[in-house]
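J.: Each chain, letter by letter, is given below.
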Amino acid sequence: MSGEAAGADQFAQTWVNGTLGQRLSLAFGPGEHLRVPDQLVSGCTAILRRLRAELPEFRSVGVVSALPGEGRSTLAAGLATAWATAEGQPTALLDLSDSNPASGDPTQPTGATPGSGDPLQQLDWVLPGLALLRTRSWLPPGTTVTRGSVSQLLGALEARRLAAVADLPAMPPYGSADQLAEAFDVVVLVVRAGSTPLDAVTMAADALPGRPAVVLNRTRSAVPRWLTHGADR
Amino acid sequence: MFFRHKLILSLPIVVCFVVGTGLAFAVPREYVAHASVWADTRVPEESTVGTTGGQSPPAAGQATLLTQMLATRAFLRSVVQGSPLAAEYLEMGPVEGDRFLSSVGLSVTVLTPGPQLVSISVRGDDASDAVGIAESLLGEFERVQTEQAVNRAKAQVNFTKRQLDAARESMESLTRSDRESAQALFTEALDAYNNSTVALAAAEAAGVQIIDQPDIALPVGRRKTILFGAAGGLLGGATLSLLLMLVLMARDHSIRGEDELAGAGLLSVGSIPDFGGRDAGRAHATSV
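Chains as they are written, first to last, in my numbering: chain A, 1 to 233; chain B, 1 to 288.
Fair warning: there could be bad hints in the mix.
[What the hints assert, rightly or not] If the Cβ cut is set under 10 Å, some of the chain B residues that face chain A in the computed set are:
1. L200
2. V220
3. G221
4. K224
5. I226
6. L227
7. I255
8. G257
9. E258
10. E260
11. G265
12. S268
13. V269
14. G270
15. P273
16. D274
[Claimed, not checked] Straight-line Cα separation of at most 25 Å, SDA-like style, residue types lysine to any residue; simulated pairs:
17. B/K6 <-> B/S254
18. B/K224 <-> B/E142
19. B/K6 <-> A/P56
20. B/K6 <-> A/T143
These are computed hints drawn from the structure, not numbers from a lab.
Ideal Cβ placement from N, Cα and C applies to all residues, glycine included.
Given these sequences and hints, build the entire structure.
T.: Here it is in structure tokens:
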């Protein structure tokens, strides 16, 4: 197995073991890897180009959704992978979707020391140029993610010349994405095609700072909406 | 729309099909007892055997007579009282009993396969009940129609006898000159009397003859019922699905395309392509 492939497998395994991956892996069964398909990476590369046409200089992207189960994690993983591999920009994929770290997660990332305070020490390099950082690994237990802590984190990543793609929670009442989104250069609102009502999308867009970029998710979800709904609550 | 909600739209069809078929299977088995009755014109009229029966085939007349009788409570009551259902009927109240008599009437089918043949079928939930009702029906039909003919013929005999007696008395009191003309009237009355006594004798002879006794009841085939149940279930389910689809379409305000996003004033920057259901999160590892 080549080094890149081994790294990809490690990325997949680490991703699955995290909070975000744990939720997504419900669809695939325990022990199966979450992988990022070519179509997703190419689609996300096009999205990054389009974003750059709108805003030439951006270093951080926050992915939000009006409702749970819209495909935030899929899009965040795709954007980070595309940025790191297709564009060669070292990128950190941030799992900020779990806004309550005190709730406990039985699976901890390999090699991470929870709550050590320095997020850069907790970066899990799963591929050359692509690092993974979970909320639980840099926030002390019982601490919730706030706009301030996210801004600090983004600043630290910027200092390391790392771009950031964050999987944020859903919009209220399901999550607090509206507050955390303010810390990011670009906010991407993901909408599941044929499922999300237009009213919910416009309401979420109005509640977000600035003008969010909207991405239509045409992928059919293998995770039932009621399940992701419960996980986000 | 169907492919999006394939489960919710398929379910009514499947459920209705299963329920329809199940109900058809659950319908109690029916039994039918058949009887055949031979009918011909009464003597001294010419027999219709070997002919098409003319303007009024005897079988049609008998079938009409039986159908008329089946429309009367008195006849049905006599039929039921002579059947194995008599005890059950006697325990019923007036309304329930009346409904029961109607149901018995409706369970009888009268057909005329030919000018001299009447076919009678009786359906019942139980084989012995069907046979019992059919036997009682035939007996009662035979009795009633003979009784009607005999009563009518007797009335005719009485009438002509009175006319004859009156003619005889008149003749005795008449003078010789009038007797000759009265003789003709007397002879006419005598002929009428003789004819009516012959008619009475004919009426007393059976007008119908039972060819096939209803001694066995056969189960009615259920294939048609099951097919109807299944087809009805499918049709009902499809209708329900169609209505459901219309409701879903009417209530569906979801976004389907990037043009709708642009139309709502939102900045659309692209889309994630569909990379396939359950495999949505999978790809070969070298892709990352």
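J.: Hint by hint, say whether it matches the structure.
T.: Tested hints:
1. L200: violated, 89 Å
2. V220: violated, 48 Å
3. G221: Not OK, violated: B/G221 not within 10 Å of chain A, min 47 Å.
4. K224: violated, 43 Å
5. I226: Nearest chain A Cβ about 37 Å off; hint violated.
6. L227: Check failed: Cβ of B/L227 comes no nearer than 38 Å to chain A, outside 10 Å.
7. I255: Result: holds, 5 Å to nearest chain A Cβ.
8. G257: B/G257 check passes; min Cβ-Cβ to chain A is 7 Å, inside 10 Å.
9. E258: holds, 6 Å
10. E260: Holds, about 7 Å.
11. G265: Holds: closest Cβ of chain A sits about 8 Å from B/G265, inside 10 Å.
12. S268: holds, 5 Å
13. V269: With a closest approach of 4 Å, the B/V269 hint holds.
14. G270: It holds, given that the least Cβ distance between B/G270 and chain A is near 4 Å, below 10 Å.
15. P273: holds, 5 Å
16. D274: Status holds, d = 5 Å.
17. B/K6 <-> B/S254: Answer holds: B/K6 to B/S254 is near 17 Å, not above 25 Å.
18. B/K224 <-> B/E142: This hinted pair is violated, its Cα atoms lying about 34 Å apart.
19. B/K6 <-> A/P56: Violated, at about 43 Å.
20. B/K6 <-> A/T143: violated, 44 Å
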